[in-house]
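*Asks:* Take a look at the letters that make up each chain.
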Amino acid sequence: MSAGADHGTKPMMDQLIVQSLILGLLQGGLYALLAVGLSLVFGILRVVNFAHGEFAMLGSFAAVFAVTSFGMPAWAALIAAAAAGALVALITNVVVLRPIYLSRMRQKGEYTIIATFMLSQFLIAATTVLFGTTYRNLPGLWESNLNFFDYVYLSGNRLVAFSAAIVMIGTLFWIVYRTDTGRAWRALTQSPLGASVVGIDIHKYANYAFLVSGAFAGLAAGLLAPLMFVFPSSGVVALVKAFIVVIIGGMGSIGGALAAGLLLGVVEVMGTIFVASGYTDAYGFALMIAVLLLRPAGLFGKMGRAI
Amino acid sequence: MTKSMHYAIAAIFAVSGVAIASIGVKPIFADLLILSAYYLLLAGSWNLLAGFAGQYSFAHVGLAAAGAYGTAAIVNAFGVSGWLAFLIIPVFTAAIGGLLGLVALRVRGVQLPLITFAFAGAFAVFLAAASDITGGSMGMQLPKLVAGFDRSPYLILSGLLVAAFFVIQNLVLDGRIGLLMQSVRDEEEVARGIGVDIFRIKVYAFMITAGLAGLAGAFYANYVGVLAPSMLSMSEMGMVVAMAVIGGLGHRYGALVGVIVIRSLEHFVRGFGAEYTLVIITAVALLVVLFFREGIIAAVGKRLDRSVQQRRWASAKAS
Amino acid sequence: MSVPIEITDLRVAYESDVEILRGVNLCAAANTMTAIIGPNGAGKSTLLKGVAGVAPVTRGEVKLGERRVEGLPTVDLVKAGISFVPQESSVFGQMTVAENLRLGGWHRRSERDWLNQRVQACGALFESIRPYLERKAGDLSGGQQKLVEIARGLVGEPSLLLLDEPTAGLSPVMVREVYRELARLKERRSVTVLLVEQNVREALEVADRVYVLAMGQNDTEGTAEDVSERLESIVRNWMSREGSGVVS
Numbered sequence: 015m016s017a018g019a020d021h022g023t024k025p026m027m028d029q030l031i032v033q034s035l036i037l038g039l040l041q042g043g044l045y046a047l048l049a050v051g052l053s054l055v056f057g058i059l060r061v062v063n064f065a066h067g068e069f070a071m072l073g074s075f076a077a078v079f080a081v082t083s084f085g086m087p088a089w090a091a092l093i094a095a096a097a098a099g100a101l102v103a104l105i106t107n108v109v110v111l112r113p114i115y116l117s118r119m120r121q122k123g124e125y126t127i128i129a130t131f132m133l134s135q136f137l138i139a140a141t142t143v144l145f146g147t148t149y150r151n152l153p154g155l156w157e158s159n160l161n162f163f164d165y166v167y168l169s170g171n172r173l174v175a176f177s178a179a180i181v182m183i184g185t186l187f188w189i190v191y192r193t194d195t196g197r198a199w200r201a202l203t204q205s206p207l208g209a210s211v212v213g214i215d216i217h218k219y220a221n222y223a224f225l226v227s228g229a230f231a232g233l234a235a236g237l238l239a240p241l242m243f244v245f246p247s248s249g250v251v252a253l254v255k256a257f258i259v260v261i262i263g264g265m266g267s268i269g270g271a272l273a274a275g276l277l278l279g280v281v282e283v284m285g286t287i288f289v290a291s292g293y294t295d296a297y298g299f300a301l302m303i304a305v306l307l308l309r310p311a312g313l314f315g316k317m318g319r320a321i
Numbered sequence: 002m003t004k005s006m007h008y009a010i011a012a013i014f015a016v017s018g019v020a021i022a023s024i025g026v027k028p029i030f031a032d033l034l035i036l037s038a039y040y041l042l043l044a045g046s047w048n049l050l051a052g053f054a055g056q057y058s059f060a061h062v063g064l065a066a067a068g069a070y071g072t073a074a075i076v077n078a079f080g081v082s083g084w085l086a087f088l089i090i091p092v093f094t095a096a097i098g099g100l101l102g103l104v105a106l107r108v109r110g111v112q113l114p115l116i117t118f119a120f121a122g123a124f125a126v127f128l129a130a131a132s133d134i135t136g137g138s139m140g141m142q143l144p145k146l147v148a149g150f151d152r153s154p155y156l157i158l159s160g161l162l163v164a165a166f167f168v169i170q171n172l173v174l175d176g177r178i179g180l181l182m183q184s185v186r187d188e189e190e191v192a193r194g195i196g197v198d199i200f201r202i203k204v205y206a207f208m209i210t211a212g213l214a215g216l217a218g219a220f221y222a223n224y225v226g227v228l229a230p231s232m233l234s235m236s237e238m239g240m241v242v243a244m245a246v247i248g249g250l251g252h253r254y255g256a257l258v259g260v261i262v263i264r265s266l267e268h269f270v271r272g273f274g275a276e277y278t279l280v281i282i283t284a285v286a287l288l289v290v291l292f293f294r295e296g297i298i299a300a301v302g303k304r305l306d307r308s309v310q311q312r313r314w315a316s317a318k319a320s
Numbered sequence: 004m005s006v007p008i009e010i011t012d013l014r015v016a017y018e019s020d021v022e023i024l025r026g027v028n029l030c031a032a033a034n035t036m037t038a039i040i041g042p043n044g045a046g047k048s049t050l051l052k053g054v055a056g057v058a059p060v061t062r063g064e065v066k067l068g069e070r071r072v073e074g075l076p077t078v079d080l081v082k083a084g085i086s087f088v089p090q091e092s093s094v095f096g097q098m099t100v101a102e103n104l105r106l107g108g109w110h111r112r113s114e115r116d117w118l119n120q121r122v123q124a125c126g127a128l129f130e131s132i133r134p135y136l137e138r139k140a141g142d143l144s145g146g147q148q149k150l151v152e153i154a155r156g157l158v159g160e161p162s163l164l165l166l167d168e169p170t171a172g173l174s175p176v177m178v179r180e181v182y183r184e185l186a187r188l189k190e191r192r193s194v195t196v197l198l199v200e201q202n203v204r205e206a207l208e209v210a211d212r213v214y215v216l217a218m219g220q221n222d223t224e225g226t227a228e229d230v231s232e233r234l235e236s237i238v239r240n241w242m243s244r245e246g247s248g249v250v251s
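Protein chains in written order, with our numbering: chain L, 15 to 321; chain C, 2 to 320; chain U, 4 to 251.
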């Protein structure tokens, strides 16, 4: 092997690593946005919401129709996505979940899983009937390819999506640690009994949590739509990602969801580029198993209890 | 019901399989019945795992798929007879189930559904991506168990498999392990406190039910002959859960009732097209989940109890 | 401002429809301190939980002054002036002690000045937690956490205070602190207190009236002096019942 060839490949390799690291982080921001609401709702109600992926899916459909049927600009489509996600989430909580956790039945946690799972199946089937299985596409906010340091190539859409995700998660942190709603959420997460005896209205704040959870899922899907496709069962993939993120990050932890989302993005991109393409969705699972074996409570398990 | 009645029900299925095969039914009905047996094995064993042992796993259809692909693999690669798969595959999937049981031991409560859901997702991706082995989304073929288009051997087999399922279920539920499974479901900490070996019970529950899922998978592969990753899509898992829940989770014949309801529904609304069928079925399942939480059997039972009581009242007044 | 409470035939049943509380009657005048004692499983805690809206009331009445309050959600009960300090841990472990206290005044959170003053006042009640207001509540000892909960229960200036075994698991020093505060509350005559206690003697010392429960029903009642005198025969009565094989 000649010294020259060695010089040539090493910087190439470094460049590839940098490029994939950036790509992974950008993707990971969206995973975090997708998962953070799931984690919030779990913390407050101890409910694993299997219909969370469908909040995202319906959000992305709302965005597509906002653009194609109503001719709205791309930014308005994102608002439509968030609004649709929030609305469906609120209805889910009031119609499907509240009767269960108000009831005196055993195994409420497991039953909410069954109920939300059946809801998710119904929403997928209903969307398929209404809109068909066509793969749809959505224009992004910044349709251009950017180039940094000569070798880092990024689409503008990805940058927009990542920035929006980070701003939204930042806003959520602000809500959680600086507002009364956040105080109520933290109280409910840390001690449901304590929250109840000081007079915090669990129904009101559960509704707020579902609104935020649905809005974030819808927005995440709206931001992902220009990068991927929109179709009725897209929520299943979204849910798998969100589950992996909350398990890695610790159930109920917002900070954990952010870190785990970014980690998942990087691992997926790295695995796809350096190991084998085609298995993208399986790398996350491998990562999750590794984390479970080493730290069953998640990487940030202790923080998990704080939201 | 007495123990012998439970075994009589198993025997009825074995006999009626033979009877239906010898009388002969239209191919469309034969298909309906044969695939219903597949679903009964899956929904029934999932009911055993979730309804009786309290382990909500979403990897069950994934295990059946592993069994089906495993069947195709050993038949194609080693030229083993498909019949042998009925013996080998359940052992293979029971081993995978045991591993899942070990995972279930490490995690608390709601983590299990999440992990198994992710497992099913990753497994589907793997099957589609590893196209050099599995044929990807094009499918994986295997030779038929019985040459020709005669469905009667499969009908007999269906009856026998359903009977076998009920016999195994009877043995589990009427035995010590069934009681221990339910104690783990209801009060895991208390069960641990009084010395129940949680480790063994969970692993056994996963192994038994995974073995049954594998049996279902082997049957499916041998009957259908072409396998595609869509076999373990989430909507299939949704079907299985719907069947168990509609009949009544944690009821011995919950899955049977669920399979009958959903499969007949599927049969009667099929004219509307596959998409509508799915909407109708999932809507029915969702309504049952929301309004009859204990399932149809319990709901009907309560109503019967009430009417019996009313009649007693009436006769008491009259006399 | 304090109110009398009148409980009539209160019944509580959890999921299995087996009544844990089988018709309890209790009357407490405004600003008095009532101790509730009884053997394990008598339904003392369940009585408080039923009044506080934490356990499902299936029948009976709870009158707070002139107002019927049974079956109301906890949110409304807190607004009506009921403060419940449960026996189970209920601190917010990841928040500071001061934040915990602040949440005690949740229903009046818009009155900033009042709340700040209440948090300060209640933070100073117990020596064992006074220095730790900025510590995370979860890092304190179990006894200190209980004191935080009691202080938190007083922040909202309740008219009815329900204390469920406030001294269980506390060190002798802390038990004394709790009883000093209870004596202070009694002296000031500003709140009606229902106190469930295992430490019968301490409870009898601060209480005006005492109710004895057994097996989910009223056993006997009387003034603190009266019950003190009869205590031996009351306790013997419990023993004989437990000995008779009746599951409590």
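In short, the hints are calculated from the structure, not lab data.
The beta carbon of each residue, even a glycine, is placed where N, CA and C say it ideally should be.
Among the clues, some could well be false.
Pairwise CB distance ranges (calculated) [what the hints assert, rightly or not]: (1) C:310 - U:74: 47 to 53 Å; (2) C:108 - U:12: 44 to 50 Å; (3) C:194 - U:144: 24 to 30 Å; (4) L:163 - C:231: 50 to 56 Å; (5) C:79 - L:117: 51 to 57 Å; (6) U:201 - C:4: 47 to 53 Å; (7) C:88 - L:181: 56 to 62 Å; (8) L:192 - C:194: 39 to 45 Å.
In the DSSO-like style, the derived pairs of lysine-lysine whose C-alpha atoms are separated by at most 27 Å in a straight line are [stated by the list, open to error]: (9) C:4 - C:303; (10) U:66 - U:82; (11) L:122 - C:4; (12) L:218 - U:189; (13) U:66 - U:139; (14) L:218 - L:122.
*Asks:* All hints, please: hold or fail.
*Replies:* Hint check:
Taking the beta carbon of each, residue 310 (chain C) and residue 74 (chain U) are about 28 Å apart, not inside 47 to 53 Å as hinted. At roughly 46 Å, the beta-carbon separation of residue 108 (chain C) and residue 12 (chain U) lies within the given 44 to 50 Å, and the hint holds. Between residue 194 (chain C) and residue 144 (chain U), the C-beta spacing of about 26 Å keeps the proposed range 24 to 30 Å intact. A hinted range of 50 to 56 Å is violated for the C-beta pair residue 163 (chain L) and residue 231 (chain C), which are about 44 Å apart.
Our hint of 51 to 57 Å for residue 79 (chain C) and residue 117 (chain L) holds, since their Cβ atoms are close to 53 Å apart. Our hint of 47 to 53 Å for residue 201 (chain U) and residue 4 (chain C) holds, since their Cβ atoms are close to 48 Å apart. For residue 88 (chain C) paired with residue 181 (chain L), a C-beta distance near 59 Å keeps the hint of 56 to 62 Å intact. A C-beta distance of roughly 43 Å is found between residue 192 (chain L) and residue 194 (chain C), which places it inside the suggested range of 39 to 45 Å.
Among the hinted pairs, residue 4 (chain C) with residue 303 (chain C) is consistent with the structure: their alpha-carbon atoms are about 23 Å apart, no more than 27 Å. Simply put, residue 66 (chain U) and residue 82 (chain U) have alpha-carbon atoms about 15 Å apart, close enough for the 27 Å limit, and the pair holds. At most 27 Å may separate the alpha-carbon atoms for a hinted pair to count; residue 122 (chain L) and residue 4 (chain C) exceed this at roughly 31 Å. Annotation: proposed proximity of residue 218 (chain L) to residue 189 (chain U) is violated, straight-line Cα distance about 36 Å (limit 27 Å).
For the suggested pair residue 66 (chain U) and residue 139 (chain U), the alpha carbons sit about 38 Å apart, so the restraint of at most 27 Å is broken. Note on residue 218 (chain L) and residue 122 (chain L): the hinted pairing holds, with a Cα-Cα distance of about 20 Å set against a maximum of 27 Å.
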